[in-house]
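Enquirer: These protein sequence lines are chains A and B, in that order.
Counting in my numbering, the first sequence runs from 3 upward without gaps.
Counting in my numbering, the second sequence runs from 3 upward without gaps.
Worth flagging that the hints you see were computed from the coordinates, not collected in a lab.
Be a bit skeptical, because a hint or two may be false.
If several chains are the same, the list does not tell them apart, and a pair holds so long as it fits within one copy or across any two.
As the list claims (entries may be wrong) - Computed list of lysine-lysine pairs in PhoX-like fashion (alpha-carbon distance at most 25 Å, straight line):
#1 K496 <-> K273
#2 K444 <-> K357
#3 K100 <-> K434
#4 K162 <-> K434
#5 K163 <-> K278
#6 K357 <-> K240
#7 K496 <-> K125
#8 K15 <-> K278
#9 K294 <-> K431
#10 K297 <-> K162
#11 K415 <-> K40
#12 K158 <-> K488
#13 K240 <-> K431
#14 K294 <-> K158
#15 K282 <-> K158
#16 K278 <-> K415
#17 K158 <-> K423
Here are the chains, one letter per residue:
Number of protein chains: 2
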Amino acid sequence: MFDSANLDHHISKDRFRREEPKLRTALLEAQVRLGQAKRFPVLILVGGVEGAGKGETVNLLNEWMDPRYIQTTAFGLPNEEEDSRPAMWRYWQALPPKGRFGIFFGGWHTQTLVDRVFKAESKSRFETEIAAIQRFERMLTDEGVLLIKCWFHLSKRQQKKRLEALESDKKTRWRVGTEEWRYFNASDRFNQVSEHLIRATSTGEAPWVIVPGADPNYRALLTGRTILARVNERLDQKAVSAPAVKPTPRPADVDGLNVIRALELDQVYDKATYEKELEKWQGRLNLLSRHKRFKNLAVVTVFEGNDAAGKGGAIRRITQSLDARFYRGVAIAAPTEEERAQPYLWRFWRHLPRKGRFTIFDRSWYGRVLVERVEGFCSEADWMRAYSEINDFEAQLISHDTVVVKYWLAISKEEQLRRFKLREATSFKQWKITDEDWRNRKKWEAYETAVCDMVERTSTEIAPWTLVEANNKYFARIKVLKTLVKAVEERLAKG
Amino acid sequence: MFDSANLDHHISKDRFRREEPKLRTALLEAQVRLGQAKRFPVLILVGGVEGAGKGETVNLLNEWMDPRYIQTTAFGLPNEEEDSRPAMWRYWQALPPKGRFGIFFGGWHTQTLVDRVFKAESKSRFETEIAAIQRFERMLTDEGVLLIKCWFHLSKRQQKKRLEALESDKKTRWRVGTEEWRYFNASDRFNQVSEHLIRATSTGEAPWVIVPGADPNYRALLTGRTILARVNERLDQKAVSAPAVKPTPRPADVDGLNVIRALELDQVYDKATYEKELEKWQGRLNLLSRHKRFKNLAVVTVFEGNDAAGKGGAIRRITQSLDARFYRGVAIAAPTEEERAQPYLWRFWRHLPRKGRFTIFDRSWYGRVLVERVEGFCSEADWMRAYSEINDFEAQLISHDTVVVKYWLAISKEEQLRRFKLREATSFKQWKITDEDWRNRKKWEAYETAVCDMVERTSTEIAPWTLVEANNKYFARIKVLKTLVKAVEERLAKG
């Protein structure tokens with residue numbers, strides 16, 4: 003895989019002087035076109051061997067193009083803020099929006115590689131991480147990101163030559179210490195592991211380009227031309243829509259029975275019991291939030307449900323028992339322009355709690371498989387792949403000690419009508435009912451199908467859905483609180 | 003994920019009697035359309051819980067449709083023939099061709115699941131196998147296979163009811179033994195692991211359908227309708243060609259240096275040395291093939307190279323030293339009609355050696371990224387994804403104790419001309435030179451680029467390419483033999 007990169011590639015100074023201005027102009031033009039079209043972002047990953055010119059090339063790219071429209075991010079060891087979130091959080095934060103370039107200096111491959119080379123991480127664990135990288139990159143390219151991955155390589159001989167040259171010069175001697183020679187001594191192993199990683203993560207949509215790093219002119223021209231070719235090619239492409247994928251028939255199609263219709267929506271639950279239980283569960287929740295080991299956990303709750311099912315009321319019963327400094331409520335409406343310029347899950351990643359905190363989502367990432375699906379706001383292919391992207395997302399939260407609790411609040415069609423009318427008749431509730439609510443109501447069956455599909459595909463052993471019978475608000479609120487308390491208690495019990 | 007399947011779905015006998023004939027007719031019609039269009043094969047995977055009606059449903063499908071055009075294969079524990087090949091070999095053998103249905107009763111998921119549930123296979127190992135399944139299924143769907151995956155489920159309560167019913171009837175009591183109850187006792191764990199597997203391998207192109215198995219009428223209608231809908235939907239679809247993916251610029255584009263041009267093709271090597279060395283290496287190869295531990299290995303060699311580079315001669319120097327019972331030569335030409343009806347790699351899987359044997363491929367699976375790419379016989383998207391498919395394929399061979407040795411025999415353009423002319427002038431060699439050879443020669447540069455890309459992307463730490471300087475036939479043949487001997491010796495040394 004490094005066969006070509008091990009050759010002594012070279013571009014003379016003269017030739018470089020002739021070629022550089024042309025390349026530079028062409029890159030600038032491409033950057034302008036990209037910014038005007040705003041159809042997709044370009045993300046350049048820069049990885050590889052120490053001393054192979056990664057930093058120099060990143061600087062050069064910023065010099066060649068307009069740096070105001072390039073977001074360059076260097077990733078070292080995660081800082082405390084980053085460590086308090088799932089590992090991929092910091093990459094999500096740094097993604098460039100449509101129309102812009104992003105350069106990641108070091109990226110999600112680095113840690114995987116370093117762990118395997120220097121920390122003797124097991125082969126299976128390495129493979130598991132590779133699979134996660136594959137899924138993440140596929141999600142990015144499916145979302146339209148143009149992903150250009152450059153691997154800067156030096157042969158062992160070239161590495162040695164470089165270190166010796168640095169050592170023999172008084173001005174650069176300080177740059178070579180035991181650490182550098184330690185890296186050098188591990189270079190066979192490093193190359194072997196990187197080769198595996200590169201092979202496994204080179205796909206048709208996002209192949210790695212191996213950049214021989216010994217000759218500065220050569221590596222600069224190669225990187226620049228690679229980026230230019232990929233960006234222009236994509237700009238020239240007509241937008242291709244994915245072939246439509248139809249959902250397969252669901253159980254409801256055969257006998258009319260489904261998880262929603264199987265619910266006993268009208269639960270009997272009187273006010274006196276409610277008040278007693280409310281005090282009990284709110285008290286337990288408050289205690290939990292102040293538990294000494296709670297600082298090692300985060301909690302994410304998701305509220306979805308029919309319009310007027312009582313999501314707001316249920317959420318208030320949770321927040322009443324929490325210290326305002328320790329939770330955040332996030333209401334999800336239509337995405338902003340900034341959010342539309344990013345991959346779908348971006349706007350949820352940005353709201354993730356750090357450890358010791360609650361985040362309560364009033365509507366959520368499930369919008370894609372509910373309203374966006376039913377209203378045709380995204381293509382079938384988009385919402386079909388969203389199920390596994392969401393499952394991946396939640397799995398990352400959970401493996402980062404986050405408790406994920408998801409509620410679907412269900413009311414009957416009749417109860418909804420009663421509540422809509424009540425809202426219209428009550429002056430201080432009129433704002434809560436809009437034409438859109440009445441329009442959604444007409445698509446009751448389509449929403450029901452979407453909800454059943456969602457539960458079928460995303461109610462997992464690690465993040466199950468809780469279906470809440472909500473015709474009786476008292477019953478619903480207590481079920482919500484109790485479920486949350488039990489989920490956190492179980493997680494704390496695991497240590 | 004099993005939420006809906008845990009409900010008590012039911013279809014009455016009357017309703018089934020009304021619906022079955024309609025469904026049956028529609029399925030038969032779809033089968034005929036599929037057979038006429040011959041555009042894609044349909045592969046139905048049947049998996050799930052014991053006693054959930056898998057066998058009955060497979061029988062029913064064979065009864066409903068024309069069984070002559072359905073290949074049904076049940077996979078149990080691998081037999082000795084199968085065990086002697088990489089694990090996926092038996093599934094490749096059983097793939098249906100375009101225009102046909104295949105039903106796999108048990109499939110590549112089963113072993114992964116069983117190992118994790120009953121053999122306490124580690125979580126990472128489980129994840130690694132899931133990633134391999136994801137890649138394999140993606141390859142199948144990329145190759146056009148319509149993959150329909152049905153998971154037959156029973157809730158724990160339903161399983162218990164079934165076992166008790168069988169036990170209480172004298173005629174069926176024998177069907178319930180300690181094994182059955184052992185399975186039942188593991189069912190929580192079984193469900194948890196299957197849920198994980200289903201979640202991870204449910205993709206937009208090939209989602210799992212959960213079939214509640216308790217009611218025979220319900221499960222039959224659901225399965226039948228699912229298959230009908232998927233097949234008809236695909237038949238109605240216009241063939242969508244994948245968006246073109248352009249290869250990124252390669253090193254040769256920048257400074258003209260590449261792994262082929264860097265070769266010193268004219269090696270000096272006299273006949274006397276050749277004959278001495280030939281005897282030596284052929285002798286060693288012969289000894290190796292009779293080594294007592296060789297029966298645990300298989301060897302696959304791949305010969306690619308310029309036209310007239312001497313592949314045939316080099317191959318003969320290998321086969322001369324082997325017992326004819328222990329090797330097979332496979333010359334790869336244009337695919338047959340049968341082969342074109344299958345995924346690309348199918349025709350190579352069928353020729354894989356069992357342990358203790360050599361298979362020598364004269365041209366190979368690399369045709370896709372060489373001749374098919376250069377001549378435009380496949381789309382860019384097809385050959386771009388072929389690199390990783392090939393790497394996956396070879397990784398499977400190697401993990402099944404196969405030594406993979408790949409040669410590119412390189413001659414100069416001048417040497418080729420000399421050999422072409424010699425062939426035309428020599429009566430017994432004239433058959434070896436055709437108009438096609440002259441045509442290929444005109445695309446020398448395009449082939450060179452394709453070869454460099456191939457080496458860059460598929461010369462891996464586990465299956466490296468050996469580039470053979472072949473202007474001097476003596477030198478080339480000895481290098482080929484020596485490389486093979488050393489590769490086998492190294493593998494034997496590892497034990």
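Enquirer: Which hint numbers doesn't this structure obey?
Expert: 1, 2, 3, 4, 5, 6, 8, 9, 10, 11, 13, 14, 15, 16, 17
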